[in-house]
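Peer 1: Residues per chain are reported as follows:
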Amino acid sequence: MKPWMIVLALWLPLAAMADEAKPLAEDPVTEQRMIGLSENLRCLVCQNESLAGSRADLAQDLRQEIREQIRAGKSDKEVVDYLTQRYGDFVLYKPPVKPLTWLLWFGPFALLIGAVAGLYAYIKRRGNRPVDAPLSAEEKKRVEALLGNNGNKS
Amino acid sequence: MKRFLIPLGIFIVLVGFLAIGLKLDPREVPSPLIGKPAPDFRLSLLSDPAKPLSPADLRGQVWLFNVWASWCVSCREEHPVLLDLSKRGIVPIYGMDYKDQPGDAQAVLDRFGNPYVETVVDLDGRTGIDYGVYGVPETYVIDKNGIIRYKHTGPLTPAVLDNKILPLVKELQR
Chain R
1 MKPWMIVLAL WLPLAAMADE AKPLAEDPVT EQRMIGLSEN LRCLVCQNES
51 LAGSRADLAQ DLRQEIREQI RAGKSDKEVV DYLTQRYGDF VLYKPPVKPL
101 TWLLWFGPFA LLIGAVAGLY AYIKRRGNRP VDAPLSAEEK KRVEALLGNN
151 GNKS
Chain G
1 MKRFLIPLGI FIVLVGFLAI GLKLDPREVP SPLIGKPAPD FRLSLLSDPA
51 KPLSPADLRG QVWLFNVWAS WCVSCREEHP VLLDLSKRGI VPIYGMDYKD
101 QPGDAQAVLD RFGNPYVETV VDLDGRTGID YGVYGVPETY VIDKNGIIRY
151 KHTGPLTPAV LDNKILPLVK ELQR
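Residue numbers (our numbering), protein chains in the order written: chain R, 1 to 154; chain G, 1 to 174.
Certain hints may be false.
Which chain G residues face chain R? A few, computed with CB under 7 Å, are given here [as the list claims (entries may be wrong)]:
| no. | residue |
| --- | --- |
| 1 | Pro32 |
| 2 | Gly35 |
| 3 | Pro37 |
| 4 | Leu123 |
| 5 | Gly125 |
| 6 | Tyr134 |
To be clear, the hints were calculated from the coordinates, so they are not data collected in a lab. Using N, Cα and C, we set each Cβ at its ideal position, and we do this for glycine too.
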């Protein structure tokens, strides 16, 4: 290999550097907050995806909207309120606790308490059952005789 | 006997829940805007970009607000339904061309007919966000005081019109 080829080869990584991925936004702090917020928001178009992960047009628009609001100095709560005012609690992956969602939030605990109570009642009832009386020596002999078993064979 | 009735009872309740679940459409997101004033906008008309229209201009009448776009396939599907409704002259339909090229939208209206009194142009989709639009077409019923009374997501069908929207419109027009 000729020396000039080596020199040329050494330049190659520099060319690769020119193609490095561009940062998502000029402002990484805003971007971080936007991603943090939108991970807990549902994309309305593809409903099982978060706003952060969706490539739907609307999700892109909404992410842009969140970015702009963060830059305008809005708090996280204000941004989330902005979205719930328009799209309802449905956009929240973590639904708020209110009378309508009580069943959702407390239902599992009610079920658990019910199940524990049921289990307790069941165990208690079983505990009250008369314990089987042990066989007397004579009864045992009769049992073995009836079974045709002298104890030699098991 | 009771021993068998309990699981059977649980099973029937479960089937009940599943049956209801089957009928629910997860695409129908209840809009929090129902009963609230229609979000304000000031958008230029498709027919004349120099002229703006805002919901305040339409106070005093019941109107339908239909969000559509030339790129939207199901909008094409509901187009004849809207045309038919506009011919019946029961309620004015105002359109909003959502995230679209105005030229493309005008071409659709020229080719298939125009059911709208006017169409406003929402180029960047910002007004769409204010209205909670997440899938075109969407149709809102707005009353005389500018309050949103009903929202339908997806293409309008004659059944939806006759069973839900038109009875509501007639009641609101009184």
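Peer 1: If a hint holds in the structure, say so; if it doesn't, say that too.
Peer 2: Comparing the hints with the structure gives:
1. Pro32: 4 Å, holds
2. Gly35: Violated. Min distance 12 Å.
3. Pro37: For G:Pro37, the interface hint is violated, since the closest Cβ of chain R sits about 12 Å away, which is over 7 Å.
4. Leu123: 12 Å, violated
5. Gly125: Hint on G:Gly125: holds, closest Cβ of chain R at ~5 Å, below 7 Å.
6. Tyr134: Where the cut-off is 7 Å and the nearest Cβ of chain R is about 4 Å from G:Tyr134, the hint holds.
Checked against the numbered hints above, the structure breaks hints 2, 3 and 4 and satisfies the rest.
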